[in-house]
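A.B. asks: Those protein sequence lines, which keep their order, are chains L and W. Each residue of the first sequence is one higher than the one before, counting from 1 in the UniProt record's numbering. Each residue of the second sequence is one higher than the one before, counting from 1 in the UniProt record's numbering.
No lab work stands behind these hints: they were computed from the structure. Quick caveat, the model's predicted, so the values are computed rather than measured. Among these hints, one or two may not hold up.
Claimed, not checked - Calculated lysine-lysine pairs in the DSSO-like style (CA-CA distance at most 27 Å, straight line):
(1) Lys-31/W to Lys-418/L
(2) Lys-252/L to Lys-9/L
(3) Lys-418/L to Lys-34/W
(4) Lys-34/W to Lys-79/L
(5) Lys-9/L to Lys-165/L
(6) Lys-418/L to Lys-79/L
(7) Lys-31/W to Lys-79/L
To be verified - Examples of chain L residues lying across from chain W (beta carbon under 10 Å, computed):
(8) Asp-17
(9) Leu-120
(10) Trp-256
(11) Ala-258
(12) Arg-322
We put the beta carbon where it would ideally sit given N, CA and C, even for glycine.
Chain by chain, the residues run as shown.
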Amino acid sequence: MMPRTLYDKLFDAHVVDTLPDGTAVLYIDRHLVHEVTSPQAFEGLRAAGRRVRRPDLTFAVPDHNVPTTGRGEPVAEPKSALQLATLEENVREFGVPYIPLTDERQGIVHVVGPEQGLSLPGLTIVCGDSHTSTHGAFGALAFGIGTSEVEHVLATQTLLQRRAKTMRVTCRGCLRPGVSAKDLALAIIARIGTAGATGHALEYAGEAVEALNMAGRMTLCNLAIEAGARAGMIAPDETTFAYCRGRPYAPKGADWDAAVAYWRTLPSDPDAAFDRELEIDAAAVRPMVTWGTSPEAAVPINGAAPDPASVPDEVTAAQIRRALDYMGLAPGQRLADTPVDAVFIGSCTNARIEDIREAARVARGRRVADGVRALVVPGSGLVKRQAEEEGLARILTQAGFEWRDAGCSMCLGMNPDKLGPGQRCASTSNRNFEGRQGPGGRTHLVSPALAAAAAVAGRFVDPAELEDAA
Amino acid sequence: MTPFTTLTGVAVPLRAANVDTDQIIPARFLKTIKRTGLGRHLFADLRRDPDFVLNRPEYAGAQILIAGENVGCGSSREHASWALIDYGIRCVIAPSFADIFQNNALKNGVLPVALPAAACEALTADAELGPNARLHVDLERQIVVRPNGEAFPFAIDPLRREMLLEGLDDIGVTLRHVPAIEAFEARRPAWGL
Ligand code: SF4
Numbered sequence: 001m002m003p004r005t006l007y008d009k010l011f012d013a014h015v016v017d018t019l020p021d022g023t024a025v026l027y028i029d030r031h032l033v034h035e036v037t038s039p040q041a042f043e044g045l046r047a048a049g050r051r052v053r054r055p056d057l058t059f060a061v062p063d064h065n066v067p068t069t070g071r072g073e074p075v076a077e078p079k080s081a082l083q084l085a086t087l088e089e090n091v092r093e094f095g096v097p098y099i100p101l102t103d104e105r106q107g108i109v110h111v112v113g114p115e116q117g118l119s120l121p122g123l124t125i126v127c128g129d130s131h132t133s134t135h136g137a138f139g140a141l142a143f144g145i146g147t148s149e150v151e152h153v154l155a156t157q158t159l160l161q162r163r164a165k166t167m168r169v170t171c172r173g174c175l176r177p178g179v180s181a182k183d184l185a186l187a188i189i190a191r192i193g194t195a196g197a198t199g200h201a202l203e204y205a206g207e208a209v210e211a212l213n214m215a216g217r218m219t220l221c222n223l224a225i226e227a228g229a230r231a232g233m234i235a236p237d238e239t240t241f242a243y244c245r246g247r248p249y250a251p252k253g254a255d256w257d258a259a260v261a262y263w264r265t266l267p268s269d270p271d272a273a274f275d276r277e278l279e280i281d282a283a284a285v286r287p288m289v290t291w292g293t294s295p296e297a298a299v300p301i302n303g304a305a306p307d308p309a310s311v312p313d314e315v316t317a318a319q320i321r322r323a324l325d326y327m328g329l330a331p332g333q334r335l336a337d338t339p340v341d342a343v344f345i346g347s348c349t350n351a352r353i354e355d356i357r358e359a360a361r362v363a364r365g366r367r368v369a370d371g372v373r374a375l376v377v378p379g380s381g382l383v384k385r386q387a388e389e390e391g392l393a394r395i396l397t398q399a400g401f402e403w404r405d406a407g408c409s410m411c412l413g414m415n416p417d418k419l420g421p422g423q424r425c426a427s428t429s430n431r432n433f434e435g436r437q438g439p440g441g442r443t444h445l446v447s448p449a450l451a452a453a454a455a456v457a458g459r460f461v462d463p464a465e466l467e468d469a470a
Numbered sequence: 001m002t003p004f005t006t007l008t009g010v011a012v013p014l015r016a017a018n019v020d021t022d023q024i025i026p027a028r029f030l031k032t033i034k035r036t037g038l039g040r041h042l043f044a045d046l047r048r049d050p051d052f053v054l055n056r057p058e059y060a061g062a063q064i065l066i067a068g069e070n071v072g073c074g075s076s077r078e079h080a081s082w083a084l085i086d087y088g089i090r091c092v093i094a095p096s097f098a099d100i101f102q103n104n105a106l107k108n109g110v111l112p113v114a115l116p117a118a119a120c121e122a123l124t125a126d127a128e129l130g131p132n133a134r135l136h137v138d139l140e141r142q143i144v145v146r147p148n149g150e151a152f153p154f155a156i157d158p159l160r161r162e163m164l165l166e167g168l169d170d171i172g173v174t175l176r177h178v179p180a181i182e183a184f185e186a187r188r189p190a191w192g193l
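Given only the sequences and the hints, what does the whole structure look like? Please build it.
C.D. replies: In C-alpha cells form, the structure reads like this:
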C-alpha cells in the first residue's frame, strides 16, 4: 500500500461515497454547535422539514457572546439573550445534547470538547467556528465550517469535501525555557504568512512538538487557521492517550483498547510524501509579540516594528504604514517598553489550566500596574474551578487581575468585555485584526506569560527580564 | 439558492489585500438569528469614512466587488456572504481567496472569481472609471469581460459551477447518498472511529 500521511488516513477512513467529480461525501463523527453560527442552520432545517440525523453525535454549548460576570443572572444584552434562548429552543426541539450556561462544564467550545473527551484521535470534528482546527491536536481531522455547512452536517452527518494538499512543519530541537507553544505558533506564521498554508492540511511534527503537552499542542493547532491552513494536526501518541483516558465521552474498557490500537496506526507513514515541507529551528524561537493587524506581523519581544521606508515594495510599505498608524506605533519602534492599557488572558488559544498556571507564575507576589485593566477568563467552568482549587485564582486576584466566568470574552468583543478606541491590549487570543476586540482597539498577540508580565510591568517586557529584576 | 448564470454590472474596486471577514461584517452584527437584512452592515466600520469607496454614489447598486489577495481570511462567519448577497454583490473578483470564505460564498450564490494579479489590476482600473465601465461575468463560459471587450477566463470546480447554474443546494445533492451513509454508519464502531 502507498505510504500515507495522517491526513490521508483520516480522510480515507471517513469517505462515505465519491461524487463523479471526485468530491467526497465525508462522514462527521462530532459536530460541536454554539449560539452564533447555528440559528440560521436550524431555521433552514425547520423550513425544509428536515431533522437532525445524529443528535447523539452533536453537542451544543453557548460561549461566544455570554457575559463573563454575573453567571446565573439573566443576560442583559437583548440580542445576546435572543441568540442564547434560540439555541436552547433549537436543542430542545431537535434533541441535541446541551451544556447550559449555568452548568460548570460550560465554556469555550474548543476547550469543552477536549475536556469532555468529545475530541479524540481518528475522528472528524467540525464546528461553525474557524478555530475548530484546535482539536487536530488529538490527531483528528478538525476544521471550521460555515453556517450552510452546519445545516448540512445537521441534516446528513456528512460534508462534501475535496481532499486538501498536505504540508508538514517539522520543528527541530527543543523550545527554550520560557518559550511557549504560542511563541512557536506565531514564529511559524511570521515565517510563512497568513496565507502560507492556504489549501493545505498542516501537520506539525518534530521533537519540539512531541515534547508539548496537550494544552500546547492545542494552542499550536488553534493557530493553524491563522496560517491559512484548512486544518492543523499532530500525530496521536502516549501524551494524547493519557489525556483522553477516563474523560466522560472517551471509550471505556474493551472499546478503549480497540480505540487505542486503532489510534496507533494513524501517524504518517515514515516515507509518506507531503505536498510541502518546512523546517523550523525551535531552539531559535523567542517570546513573540505582534506589532500589526495581522497575526503574521509578529516579532521577538526584543524586536521592533518594521520601518516602511526600508521596504522596497510599495504595496507592502503602504500596508505596514496603515497597520502602524492603526496600532499607534512609530516606524521602527521597539515593542519592549511600549505601554499597555489592557491585558486579556483567555480565548480558545490560551485559556486552559496550563495557561492560567503560566500567568499565575509570573503574577505571583506582584501587582498589576496602575492604570492597567487585566482580565483572566478561564476557558471553561471546570478550568475555573481547578484554578481556584490550585490557588491560582487567589494569586491572580491578589495581584489585581479580574477573575471571570468562562466564555470567549474579549477575544472578539461580542459580549460586554471590549477595548475602547485606541486602547492597547496584550492579548493571549488569536486575532489582532482592526476592531477585533472592540472598535479602534489595538491588539498585540502574546503568550500567557508575556501577557501577565505586561500586566505587572504596565508595558511589554520579556518575562525572563522581569524575573531578573525581581 | 438563486441560480447564477451571467451578470453585467458595476464593480466596486477595493484596492486592499487580506480583506478579512471582520472587515466585511464586524462581530457586533453577528447577533442575529436570520440570514437576511445584513447588507446594511457590509463593511460597517469602513463605511463610517464618507470617502470609502462603497459610500460613493457612483458605486450604488454595485453587484461586483474587486479586491486584493486573500479575500475573506479570518473568521468563518457566513454572515460575510449573507451581507454581500443582501447588499446585492453576486460576484467577488480577486487574485486569491481564503478557503472557508470561498466555500461559504459558493453556497450562497456569490461567485468567487480568482484571476491573476495583472487581470485583477486591469479590472480594478476599469472599475475606478465609475458606473459606465460595467463588467460582464459569464459563468457558463467562465469568463469575465472588460468594457473594452477583452475577456479573462477563470477556473471553477465543475460541480460548484453546475450547482450555481442550477441553483441547487448541497443538502439536496447529498441526500441522494443516504443509502451509502446508512451503510457507513452500520460498519462504524460505536466509539467513533
Ligand atoms: S475564544 Fe475567540 S477564537 Fe476562540 S472560539 Fe471564542 S471567539 Fe472564536
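A.B. asks: Run every hint past the structure and note whether it holds.
C.D. replies: Taking the hints in turn, this is what the structure says about them:
Between Lys-31/W and Lys-418/L the alpha-carbon distance is near 16 Å, which keeps this suggested pair within the 27 Å criterion. Taking the CA atoms of Lys-252/L and Lys-9/L, the gap is near 24 Å; set against the 27 Å cutoff, the hint holds. For the hint linking Lys-418/L to Lys-34/W, the alpha-carbon distance of about 25 Å falls within 27 Å, and the restraint holds. Simply put, Lys-34/W and Lys-79/L have alpha-carbon atoms about 12 Å apart, close enough for the 27 Å limit, and the pair holds.
Distance restraint check for Lys-9/L and Lys-165/L: the Cα-Cα separation of roughly 13 Å lies within the 27 Å cut-off, and the hinted pair is therefore satisfied. A hinted pair counts as satisfied when its Cα atoms are at most 27 Å apart, and Lys-418/L with Lys-79/L qualifies at roughly 16 Å. Our distance criterion of 27 Å between C-alpha atoms is met by Lys-31/W and Lys-79/L, whose separation comes to about 6 Å. With a cut of 10 Å, the hint placing Asp-17/L at the interface with chain W holds, because the nearest CB-to-CB distance is about 4 Å.
Because the beta carbon of Leu-120/L sits about 6 Å from the nearest beta carbon in chain W, less than 10 Å, this interface hint is met. Restraint check, Trp-256/L versus chain W: the minimum CB separation of about 8 Å is within 10 Å; hint holds. Contact between Ala-258/L and chain W, as hinted, is supported at the beta carbon level, the nearest pair being about 7 Å apart and thus within 10 Å. Here the hint on Arg-322/L is kept, as its CB sits about 9 Å from the closest CB of chain W, short of 10 Å.
Consistency note: the structure conflicts with none of the earlier hints.
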